[in-house]
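Chemist: Anchor point for the sequence shown: position 812 equals 812 in my numbering, and the numbering is continuous, going up by one each time.
Keep in mind the hints are simulated off the structure, nothing from the lab. One thing to keep in mind: the hints can contain errors.
Capping the alpha-carbon separation at 20 Å, the derived lysine to any residue pairs in SDA-like fashion look like this [unchecked claim]:
# : residue 1 : residue 2
1 : 361       : 26
2 : 213       : 195
3 : 1070      : 1058
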Amino acid sequence: MIRKSKATDGTAAGQVGIKKKSKVPGVMITQFIETLPEGKSHPDFTRKPIALTIQEGKFAFFKAIVIGDPTPTVTWSRNNGDVSDTSRYQSKYDSPSNEHTFEMPNVAPDQADTYKCFATNEYGQAMVTVVLNVIEVGFKKDKAQKQAADAIEGDFKTVLKRKSKVRPKSEQPEKKEGEMDPKFWELLLSADKKDYERICAEFGVTNYRWMLKKLNEMKKEREEEQAQFIKSLSNLRPIQVNADGTASFEIDMDLIEQSSSIFLYKDGEMIPYSKELGDKLKHSLKKIGKKYIFSMRDLMPEDAGLYQLDVEDVNMFSTDFKIPMVDFLVKIQEVKAKEREDAIFECVLSNPFAKILWFGKNMPLEQGDKYDIEVSEDKLIHRLLVKDCMVADKGIYCACAGIKSCSAWLVIEADKDAQKGKKTARKTTRAGGSGQDLQKIAKEQQAKLEKEKEERKEQMKASEEAAPPPAAPTDTPVVAGSAASKPRVVNEPTMTGSHPPVVEATTTVLKTKPGITSGLSNIYALRGKSAELQVKMNIDSDGTWFKDGKQLNSGAGITITKDGNSHELRIKSCSDDSSGIYQFTSGEHSTQGKVTVGDVPEFDPDDLHKFSKPVIVRAGQNAAFKMPFPPQESLEVNWFKDGTELKDGGGVKIVRERNHSRLLFRDCLRIDTGEIKIQLKNPFGAIEATSKLIVLDRPGPPEGPVKTVETTSSIIEIKWDPPKDDGGSAVTNYIIERQQTGQSLWTKLGDVSADKTSFRDRNVTHGKKYNYRIYAENPEGISDALETAESIMAGIMILAGPPGAPKVVSASKTCINLTWTPPGDDKGVPIIGYQVEKRKKDTNQWIPLNAVNEPIEDIKYAVKDISEGSEYEFRVTAINESGSGDPSPPSAMVCAKNPNMRPCFKDPEDFIVVRAGNSARIKICFEAEPPPQITWLKDDEKISAWINIINTEGTSQLVIPNSKRSDSAIYTIKAKNSVGEASFDIDLRVTDEPKVPGPVELEQTVHGKLVISWAPSPDQELDDRLYYIVSQHDSLNRVWKTIADRLFTNTYTASNILPGTEYHFRIYAKNDMGLSDPSPSPTWGTNINKVPVTSNGIISTEVSFERPPSILVPLKVHTPPKGYQLFMTCAVRGYPAPAVSWYLNDICINSENNYYITNSFGVCSLYILRVRPKDSGEYKVVAVNSFGKAECSAKIFVRD
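Generate coordinates for the entire structure from the input sequences, incorporating the hints supplied.
Modeler: Structure follows, in C-alpha cells:
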C-alpha cells in the first residue's frame, strides 16, 4: 500500500489541483477542474501587490487587481499572525477601478511579515506573496539579531547538535596521506555521470575504475538511508545564478512524513533559512508540490562553497557553488533595432570565461534558430545575436558571468513603410554593438593577464629559492610535489583491482640526506624533435634513470648529464620507441613522468588548396565548407569566423566525422561574409586552414550626404560617394529619381555608370525646390535609397512682397475671422498660399498658425487657437516656390470674446413625458453675452428646493431625482442679461401606463347600431391627455380590429350591427406613456339586450326610428398651452342623421382650414394641430334634422 502525501495547494476533496502559469511573474495559480466551461476562467492577477519598506507609524497599504469569471473573492493573510483585528487591518474594494486594497494605518514593527493575497472562485485560486518591512524608530542591532535567530524553526537545542559529514574548515581533522576529501564523494553522489571526469580532474583522481567501484558501494548505502524518509528523489539541478541576481538549486523529493525536518548546510555549517525569498534571511527554501527550491540572494564572493540539503540526518543532495573572479570590462549597451533587423549585444570580461549565461526578459536563452551565442578564441569577448527582431522581442536582456551581471534594453522600432497585412523582407543590416574596439580591449587585457601570470611565477620561484630547507626529523617524510608540498595523484600502471590511488611523494630531509625539490611530470614530445627531462635535488647527490622499469645510460640517442643539484635526461630525436614511463631514483626518493611521442595534425596539400578557395553564394542560399583530415585520437576540431568560435545551432550546423568535418551556414545574409577558419588541435599542437565566405547581395545605399555642386535657374548638379558595401559584386550603375517639393510623385530621371558619382538635372524650373534619391545597382539588385536631407532650389530665392494688413471680420471667444489682400508685387513668381502669425498682447513672440509647407490658399482664415479674454494682433506672409516673403503690417488688436447679444434658446423641446419614479431632466441650450442669469419657474411659481438646477456654460438643466405625477406642470426658464431677456415654457408630464377602464355595458336602441359605454379609467381625472380605443371582433371574422380611436368620452356607438351575429368589444385606455390592459365587454348576440318598441300600447309589426337630434356626450372644457395640439369630441344621435355645424364665438368654422372636423356615425371631432391665443373662446356644436335641433358648448383657454 502506497501512502500519498496530503494536498498542500488548498484544493477541496474531489477537486484536482492543476498548476497554471500566470502572465504576471510571482503569481501561483491552482485550477480546481480539468476543463473550464466556455466563457469561464480561473482567477488571476493583472496587478500584484508591491513589496513595501516603511517607517513605523506611517500608513501602509497593498493594492491588487484580479480577474476571473465568476468574479473572484479576495482575502488576505500573513505568515506569522492573523489579520482579523479591524483596527489594524482593513480590506477595501473600489468598484470603478477594480482595485482591492489592504490597509494598515499606523503600522507597527510587529506587522513586518510576508503577506499573502488569495483570489478564489469555484474554478480555481490565485495566490501571490508580498513582503512588508517596517523600519523601527530607535532600531536596536541586538534585537534584530535575536529576531533573525528566531526565524529558524524547531528546537535549537536539538538542532545545534547536528553535524554534516563535510566538516567546517575549523573542525576538519588533519588529513592523512592518500585520504580523499569527503567533499569529493558527496559531489559524486549527487552529480550526473557526464560530470564525473570534471570532478575527478578537480580533485586529482585518475584511477576511474577504483573510483566507480567505490562510488557504487556508497550509492547503495546512501539509497538505503534515504529510503527511511523519502519515497522518491529526482530532477537534481545544481546551483546556478539566475537573471534576477539570485542563485538557486532545486530537487523533486517525495517525503514519507511531511513533518520531517529539513536542514541546509554550507561547507558543513548549518545555515538558517526562511520559507519565502525576500524575507529577513539571506537563504530560503520554498516548496511547490514535491519540488523544493533553495534560493540565495545578495550574492557575495564568500557565498561560494559546498551546499547540502539533509532530511533529518541523511544527505539528499550536494552541489558546489563556484564564483569565478570575473568582471565586465565592457558592458552590454542598449540596442535600437528596426523590425526584421538583427540586433547584437557585446561585452568583454576581465578573465577568460568559456560560457556566460544570457537572459531575455528573465528567461534563459540558448543557441538556436532565434539566438546565436558567440565566444571569441581568447574567451574574453562574448556576443548575443538576436535574429530577425520583431516587436515582441522588445525588453531587457541580461548577461551573467559568475555573480556579476549587466543588462540593457532592446528597443524595436516598427517598420512604418510596411504594407498592412503583408510581411516585410528580412533586413541584412545589424543593429547594436558596444561602439568600442573590442578586439583591442581584449588584446590589452590578454597581455595584462599574461604579465600577471609571469609575475606570479617569478614570485613563486623567488620564494622557493629564498626559503630554507624545511626542518624535519630524519625519520619523518614530508609530502612534496613539483611546485608545492601537496600530494600529486597519478595512475600507477601496476594498479589493479580495488586498490586506492597511489599518492606519489618525495621526501625532503635534513642536510645530511637528499631530497627532490622538482620532480618529473607528463610531457608530450614531437616525433623527430628533442625532449628533455629534468630533476632537481636539494643537495648534490647521485641518481639513476629508468624507462619502463629498465635502467638507462647515455648512448643510443639518449644523453644523461648532471650539473650540481640538477639531473637531466635528453632524447635527441623522439620516436615511437621513446614513449614510456621515465623514473628517476636517488636513494630512497624517486619521481616519475610519462613521455608520449606524436605529431601535430596535418592537412593534405590538395585538400588544403581546395579548402582555401572562397565559397561564393547569394543571399538566402546555404554555404558549406568541408575539410578532410587523417583520423587521430584526442583530436579537437573548432571552426571560427573572423576570429570568433562558431557553435552548433541556429543558422550554423557543424558536423564532426572520424575523418572530416563540415560547416554549414543556412539562409546566408550579407553580414555572414568573412574569413572562415578550421583548427585541428591535439596535445602536440594545432594547425589551421583558412577560407573565405562571400555572400552576394544587393549593395548598400550610396554614401551621403548628397552634395550640391551647382544650382542655377535651369540646372541642378548633385554629387555623392559610392556605397561602403558593394554587396560582393561591383556596382554597375546608379539610378536617380526626383520629387518636386509639395508633390508626392517621384520621377525617374535616368541612370549613370558606376565610375561616375554625379548627376546634372537640366529640366528644372527657376525658384522651385526639388528632392533627389540615388540608388546603387549591381547584378544582385537595387540598394536602398540615399535621399537629400533638404530640398534644393533651382536658381536664387525670389520672395513675394508683403500682403495687406489683416482685417478682423468677426470675433468670438473661440474664433476670430480674418481677411486680407494679396501682395501688390509677386515679383513674377506665382503665390501658392499664405502663412498667418499671431502675437499676444504684452509679448514679443510671433507664433505661426500654419507651416510654410501647408500654406493657406484663400485670403481669409478662421483663427481658433486662441484663449478667451486675451487680446491678439495678426500678420500674414505670402509664400511662393522660394519660400515665405516679408510679413504684412499687423492687424488691429482684437479681444477673443463673444459680442454682446440678447439671450436666445437653441432648439428647445416644449413637451416632455417622463415615467413616474424616474428622474426627469429638462436640458435647455442658450446663447448670450454676457452670460445671463437663469431662473426656473413651475406654473409661474418658484420651484421647490429638492429640484436641482445645474447651470454650465451655454446650458441649464433642471433635474427632478424621483419624479411624481404631482411634478407635472408648465416649467418656465428665464434668461436675463444686460442686453435683454428671454423665456420659454416646457410642458412636463409625469405619468405612468394607464389603469384598465371600468366595466363595459352594451345597449341597442336603434336597429343596426349598438351603444357601448364603460366606466372611466381611474387615471382619467389625473391625466387630461388620456383617451380610449375600442376594438371589436365578431363571429364572422375572429380578427380584432380597432373601430374607434382617440375617444375622450366614455361611450361609443358601433354601427353595422347585424342580427344573428355575436360581437365582442374591448376598451383600452391610452396616454403618452402607453396602452392599458383591455376591459372586455359582455357578448352581444341575437335577442340579447334588445329594447322592445311599442306604439301607444298597440303592438305593431312596423318600427319607426325617426327622432330629433340629441347630445349623448357633450363637449369638455380644455386649457391647452400655446403651440400644443387640441382634440375636442362630442356624440350626437338622431334620425334622419342630423347635420352638424361647429361655431367659435357664434361664427361658423366648418370651412376654416385651421380646423380638421370629422363626423363618424354621430361622433363629432375637431382637431387643431397647434393652438394659438386667438383660438381661445366658446366652441358650440349644433345638430339639426327635420324633427328638431340640439346643441352643446364648451370654452377653450389657451395658456401662454
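Chemist: Run every hint past the structure and note whether it holds.
Modeler: Each hint tested on the structure:
1. In summary, the hint linking residue 361 to residue 26 is supported, as the alpha carbons are separated by about 14 Å, within the 20 Å threshold.
2. Of the pairs offered as hints, the one joining residue 213 and residue 195 holds, with about 17 Å between alpha carbons and a cut-off of 20 Å not exceeded.
3. For the proposed pair residue 1070 and residue 1058, the alpha carbon gap of about 29 Å is over 20 Å, so the pair is violated.
Against the hints set out earlier in the document, a violation occurs for number 3 only.
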